[in-house]
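Protein chains: 2
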Amino acid sequence: MSPTRCRIAILGFGTVGSAVARRLTGADAPRDLELTHIFDRRAPQKRECFSATGFDAHRITWTTAIDDVLTSDADIVVETVGGGDVALDWIRAALLAGKSVVTANKQVVARHGAALLALAERQGRQLRFEASVGGAMPIVRAVGDGLAGDRITRIVAILNGTTNAVLSRMEATGCPLDEAIADARDRGYAEADPSTDLDGGDASAKLSILCALAFGLRVDPDAIPTRSASSITTEDFDRARLSGGTLRQLAHAEYDRASATLTAWVAPAVVPRSSIFFRTTGPQNAAVITGAYSGDVTIAGAGAGGDATAVAVVGDLVAIARDRAAIVPAPVLTSDFELRPSSFSDVRLQTSDFELAEAV
Amino acid sequence: MSPTRCRIAILGFGTVGSAVARRLTGADAPRDLELTHIFDRRAPQKRECFSATGFDAHRITWTTAIDDVLTSDADIVVETVGGGDVALDWIRAALLAGKSVVTANKQVVARHGAALLALAERQGRQLRFEASVGGAMPIVRAVGDGLAGDRITRIVAILNGTTNAVLSRMEATGCPLDEAIADARDRGYAEADPSTDLDGGDASAKLSILCALAFGLRVDPDAIPTRSASSITTEDFDRARLSGGTLRQLAHAEYDRASATLTAWVAPAVVPRSSIFFRTTGPQNAAVITGAYSGDVTIAGAGAGGDATAVAVVGDLVAIARDRAAIVPAPVLTSDFELRPSSFSDVRLQTSDFELAEAV
Numbered sequence: 027m028s029p030t031r032c033r034i035a036i037l038g039f040g041t042v043g044s045a046v047a048r049r050l051t052g053a054d055a056p057r058d059l060e061l062t063h064i065f066d067r068r069a070p071q072k073r074e075c076f077s078a079t080g081f082d083a084h085r086i087t088w089t090t091a092i093d094d095v096l097t098s099d100a101d102i103v104v105e106t107v108g109g110g111d112v113a114l115d116w117i118r119a120a121l122l123a124g125k126s127v128v129t130a131n132k133q134v135v136a137r138h139g140a141a142l143l144a145l146a147e148r149q150g151r152q153l154r155f156e157a158s159v160g161g162a163m164p165i166v167r168a169v170g171d172g173l174a175g176d177r178i179t180r181i182v183a184i185l186n187g188t189t190n191a192v193l194s195r196m197e198a199t200g201c202p203l204d205e206a207i208a209d210a211r212d213r214g215y216a217e218a219d220p221s222t223d224l225d226g227g228d229a230s231a232k233l234s235i236l237c238a239l240a241f242g243l244r245v246d247p248d249a250i251p252t253r254s255a256s257s258i259t260t261e262d263f264d265r266a267r268l269s270g271g272t273l274r275q276l277a278h279a280e281y282d283r284a285s286a287t288l289t290a291w292v293a294p295a296v297v298p299r300s301s302i303f304f305r306t307t308g309p310q311n312a313a314v315i316t317g318a319y320s321g322d323v324t325i326a327g328a329g330a331g332g333d334a335t336a337v338a339v340v341g342d343l344v345a346i347a348r349d350r351a352a353i354v355p356a357p358v359l360t361s362d363f364e365l366r367p368s369s370f371s372d373v374r375l376q377t378s379d380f381e382l383a384e385a386v
Numbered sequence: 027m028s029p030t031r032c033r034i035a036i037l038g039f040g041t042v043g044s045a046v047a048r049r050l051t052g053a054d055a056p057r058d059l060e061l062t063h064i065f066d067r068r069a070p071q072k073r074e075c076f077s078a079t080g081f082d083a084h085r086i087t088w089t090t091a092i093d094d095v096l097t098s099d100a101d102i103v104v105e106t107v108g109g110g111d112v113a114l115d116w117i118r119a120a121l122l123a124g125k126s127v128v129t130a131n132k133q134v135v136a137r138h139g140a141a142l143l144a145l146a147e148r149q150g151r152q153l154r155f156e157a158s159v160g161g162a163m164p165i166v167r168a169v170g171d172g173l174a175g176d177r178i179t180r181i182v183a184i185l186n187g188t189t190n191a192v193l194s195r196m197e198a199t200g201c202p203l204d205e206a207i208a209d210a211r212d213r214g215y216a217e218a219d220p221s222t223d224l225d226g227g228d229a230s231a232k233l234s235i236l237c238a239l240a241f242g243l244r245v246d247p248d249a250i251p252t253r254s255a256s257s258i259t260t261e262d263f264d265r266a267r268l269s270g271g272t273l274r275q276l277a278h279a280e281y282d283r284a285s286a287t288l289t290a291w292v293a294p295a296v297v298p299r300s301s302i303f304f305r306t307t308g309p310q311n312a313a314v315i316t317g318a319y320s321g322d323v324t325i326a327g328a329g330a331g332g333d334a335t336a337v338a339v340v341g342d343l344v345a346i347a348r349d350r351a352a353i354v355p356a357p358v359l360t361s362d363f364e365l366r367p368s369s370f371s372d373v374r375l376q377t378s379d380f381e382l383a384e385a386v
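Listed in order, the protein sequences are those of chains A and B.
Positions 27 to 386 (the working numbering) are the ones given, in order, by the first sequence.
Positions 27 to 386 (the working numbering) are the ones given, in order, by the second sequence.
I should point out that these hints are in silico values taken from the structure, not numbers from a laboratory.
Be a bit skeptical, because a hint or two may be false.
[Unchecked claim] Quick look at which bits of chain A chain B covers, simulated, 3 or more residues with Cβ under 8 Å:
hint	stretch
1	152 to 164
2	167 to 175
[As the list claims (entries may be wrong)] Facing chain B, from chain A, some residues (calculated, C-beta under 8 Å):
hint	residue
3	D54
4	G317
5	G321
6	V340
Backbone N, C-alpha and C define an ideal beta-carbon position, used for all residues, glycine too.
Looking at chain A on its own, in the form it has when it is part of the complex (with noise of 0.2 Å):
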């Protein structure tokens, strides 16, 4: 326990909360890293289920009271609670109280992400989301930093694993909508209810999140106009497959600077077999980033599940330890665009594309 550890409090032992502490406390957990306070409404019950499986948690303070996470010695908190505005204020607290913080909550962040990170600057302390898109793809690196060298035009990606795996699943057997949800479920990368994922809510908070990194837009996900996976029929696919594709739920977001329009949507759009989209199966997540300069920049890799989402938290708690002291200017988003309707008559245009794009 040297006092240069990082002393980490987790809120919410989920999926992906488990996930983050099966890490901090296994054989691979980085070295300047201590889970030292566990929040959970249920932490009681989680605790002996926890200590069953094993890990080694008596030296970990589990709570039921988020007072004692924030008046505690940790440095970093990781939100994984999820849902709005209580993970909101939990988030605000906890940077209020001189903490880090590590979420995975994508819609905290696209909806109040500027104003979080401002904060987190005036605290002089970091706020991390890489887990909140793409689960282990590390996109939000690749398109915040890894691209900050050139000017991002377009992006185009599968961004949500459950839609995808129902879809590739419907793909593969032929079996109706219910049958792949149903499927999902038993595989654990679908919840009871999966409406905000095949709706393209998932997607477009996700999107919102890029939009901001990549453009420098402040763009409401409930603004990026969607269509719905959840009506899609066997019959879909087989016409997809006569036209040479099949189907998958797309997020787009294209940015003209110079007319400051910006062509942003998420629905379920048919793929050309030559299409990385077309290769991307289960709960696997896709992007393809074009560049000015760079031209495309493509990343895969798994969208969903607990342990490639801790992969996400886990890199972003290293990158904190690393440097406690840095400082990440907030970024300063604009709202002077126009978000130009999408009638979707064009989606299959869009995204035939690709098929070049793939070509070079």
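Fit chain B to the given chain A structure using the hints.
Structure of chain B alone, referenced to chain A:
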């Protein structure tokens, strides 16, 4: 010329250096970066050419004397001289003069990266090298930061754009190697003498850098077994095609931490049709990074060319400008591992498992 702007000096005004200069003085120049110095042995002639292309270079100091840069008020030195000893001396001198350094020099980073990073840390400055591997494909950040929360077990990649352009040309047209090399030269993908590319010397330096980032190993690039692609014939392609694949130069590194055994090689290998490497054509690069917790993460993008490499350099400049006081701890590398000799007879077997790896 606000005092908060980062002042940039470029060493070496070739393909990459001039592309960086165009980015820093062009329409998409990042706001906080100002090009102030250009060093080149033929600075007067190059100044004339550069000015003739319409860029405003009159506020830039052009010099043939390295001391003019070292004693200047430049904050960051961009090293695009290439080569070995001289570049190493200048990087070291720049760090000692209190400047941060961004380099595209894979040979220097592979052989002296750890020592230079330690020097940078002692000086309270940064050394960044995204451009040394993978061109615009942000693999240094993906491996060093994005997947820092995982335990990486394997990296398989196409890391040399020149060789890939040559081999994919042979595949597409059925032409012999020397014709494909001539074509790559015409397109600007190959130097007059591409032997370091074809022989694997370029890729093994890049693989050595990735082994340091991913596994924490100090790997002498000269110790990595390589097999040259320079004797590949059209008959080799015919045989590969019959077995359902094609030929690519792959760089492969797999580390078994329990036995401290590294298997690493660079060689032409048969890649199956379903693999991302099959679809990587022209001067593109691609990598599949396998983590114990996240599974496979794939990344691909332009691996060569001035503009693509400049994206990586400018991204590093933006990162340094964001937080000039950032502490970047030097990695602690170990030499305590066994590098398994490779007979290359098992190369086919090893690469074929990407068929499985991709079918997630």
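Hints, one by one, checked against the model:
{"no.": "1", "hint": "152 to 164", "verdict": "holds (count 5)"}
{"no.": "2", "hint": "167 to 175", "verdict": "holds (count 7)"}
{"no.": "3", "hint": "D54", "verdict": "holds, 5 Å"}
{"no.": "4", "hint": "G317", "verdict": "holds, 6 Å"}
{"no.": "5", "hint": "G321", "verdict": "holds, 5 Å"}
{"no.": "6", "hint": "V340", "verdict": "holds, 3 Å"}
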